[in-house]
Amino acid sequence: MKSISIIKKNFKLLVRSKSSAFIILLGPLLIILLVGLVFSGKSSYELSIGYFAPEKNNLTDSFIQALQKSNYYLHEYPAEQECIQKIEQGIIHTCIIFPIDFQVSNQQGQELKFLVDYSRISLVYEVIGSVSELLEIKSEELSYSMTQLLLDKLNLTLKEIRNDKSLVDGLSQKASLVLLELQKAKDDAASLDLELRNISTQDMNASLIEMNSTFGNISIKGIELVNMSQELIDELSDYLDANETSELQQEFDELEEELSELYYNQTPDSIDRLYTRIDAISSSLSELESSMVINEGLKKGALQRIDSSRSNLTSMQKTLADLKSSLSRSQLELEAITITNAQAIVSPVNVKIEPVAAESSRALFAFPSLLLLVIMFVALLLSSTLVLFEKSSKASFRVSITPTKPSLFIFTTFMTSLLILLLQTIILLGLASHFLHIPLFKNPLTSFLIILSSSMFFITLGMLIGYVLSTQEGAVMSSIVMGSILLFLSNLVFPLESIAPALVGIIKYNPYVMSSELLRKSLLFNTELSGGNLAIIMMLFGAALVLLALIITISAFKGRKRIRILASIAEESPKGYYSTKDEGASRVTEKNKSKSRQLILEFEVYGKKAATKEELFNLVSDMTKTEFEENVNERENNIAVWLEKALGEKKLASKLRKTNSREEILGILAKDLKSSQTRETRDNSELGENSDGGKWG
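Read in order, the letters of the sequence shown correspond to residues -9 to 687 in the numbering used here.
Just to be clear, a hint being listed does not mean it is correct.
To be verified - Keeping only pairs whose Cα atoms sit at most 27 Å apart, straight-line, the calculated DSS-like set for lysine-lysine is: (1) Lys615 to Lys598; (2) Lys308 to Lys174; (3) Lys645 to Lys615; (4) Lys(-2) to Lys511; (5) Lys290 to Lys314; (6) Lys548 to Lys511; (7) Lys381 to Lys599; (8) Lys548 to Lys640; (9) Lys381 to Lys(-2); (10) Lys498 to Lys598; (11) Lys46 to Lys(-2).
Stated by the list, open to error - Cβ pair distances, simulated, as ranges: (12) Leu409 to Ile496: 39 to 47 Å; (13) Val471 to Leu409: 54 to 62 Å; (14) Val283 to Asp243: 52 to 60 Å; (15) Tyr596 to Leu435: 42 to 50 Å; (16) Ser301 to Ser135: 23 to 31 Å; (17) Ile470 to Leu435: 47 to 55 Å; (18) Gln75 to Asp51: 19 to 27 Å; (19) Glu654 to Val494: 25 to 33 Å; (20) Val458 to Phe104: 49 to 57 Å; (21) Glu619 to Lys640: 21 to 29 Å; (22) Asp243 to Leu275: 17 to 25 Å.
FYI, nobody ran anything at the bench for these hints, they're computed from the structure. Note that beta-carbon positions come from the ideal geometry of N, C-alpha and C, so glycine has one too.
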């Protein structure tokens, strides 16, 4: 049962140092405890927000009041530069700069400057999201009030459109009546006969002249008649008595007087008056003619204006009809707006986020990645540390000359790391299930295979690092660097979607990414083993086997190299070396030197250290030609100096100073190791049963 004994020995090596045992075995438990404490805190961030408002108004105050109602710490700064300095100093997380004359207008929307520190990668996007959401809520409130105002105006406009349609109908009816009245007025005006016929006073004047001429002739004839009558009276006086003659004469005188009156007074006056009246009539007729001409023009103008008014009224009726049609269309368009709720307009789509997995705590979502992170680092560090413990132990030389196969030590180191890692994982899962309430037993087989395959891969990767490197410090640093590379090329630090597309195709084959994603799907979504998931698990198992084969190859190559060196040394040795069960190959420790001194005084070459003669033998055999020539040459022999001053081996140092050959130095060291008789009880109990006791030489 060599493998069980070697595994026990590995456990003893781990627990030999209490500090290292605490770190390796209890460190992951402490990590999960801290993770639980971190994720059991508040789900929201306690942010400190600064702001600078050059001018304050109602809108600025409303935003500030909205910020004050939140759970954030709010502080006002008198200048923008001071606010920026506070961000740089880490006193506040963000700074909001309000613009001058901050108000809502028809111009371009007002801009709030939002200053953040992008160097704080883990917090900056949470700050942007939280504060932006708060400001967007306030902006939505403003949008809601303005939208409600617009809706009120639209409703009022719709109501006024209905009223205007009634007014338009009334105007159309009145316009029709006016058209009828205008038509009647046109007909009446057209029926007016304002034509002045041929009315002339010239005929009257001619007739008057003719009448005057006739009157003159009549007067002449009357005078002649009077004269003839006087003559007749004179002739009749001879035949009439005096009385009759007197009466006749009297009557004749009266007639003559009347004729004289008529001829000399009345008739000329009448004719003159008639002339005057004819002139007046002629003047009146002239004026009437002028008036008739003017009235005819006015009549034509009135008819034209009536026609123009009728045309305008007809056009107005058409315009009113178009207006009514337009109002009807506007009414239909406004009435077609079915969404009249301001909230529905401002937020037409309410986004409801429902998780595909039940949301209980942030720890549930982060636990798969954190668990694989612990497994990765513990596996890398633990396996590489065990390998370096084995390589740097004082029994390393004796192990190399025992008949035990190197593959057995590789297998036992692998099993030791796997057992410790599985034990830690079981403890972590139990604590997580109890304290973090993570459902671990919904899909146990898939989760176990994922954890097992990833553990095997990272253990073999750590072992490979341990076998390739020669010093524990280098192995630890390489393990940390390897784990950090796998970590930073995962979606735990940065989302894969934010990485350059050219790298995503490579990063998706990151073992940590593949295993953590599989474990997340298994724990959260109960994903079964099928298709691509099974292929990834088989890929991890296959990669672990390939790494194991590579480790065995490297170990065998180095073992054969060391055996060749020892064989060449043994051929030059005058005596053989015999190992018995009582003495054993483990009796190759430093003679007459305390263990504390061995550990303090070390021989170092490019990071490779040796504290004992056994370690020095291994170090010299592993040196490159350049490294050996730098320490051993014609001028100096640093190996001899270290043996003399650090270990007090003056005799051995003097032997080494006599040669500059690596083979001869290794032969001298081998002979000295063979002659060592001291033996540590602990090393005998650990490795005595692994040595069958044979002859080597």
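Hint numbers not upheld by this structure, sorted from lowest to highest: 4, 5, 6, 8, 10, 11, 12, 13, 16, 17, 19, 22
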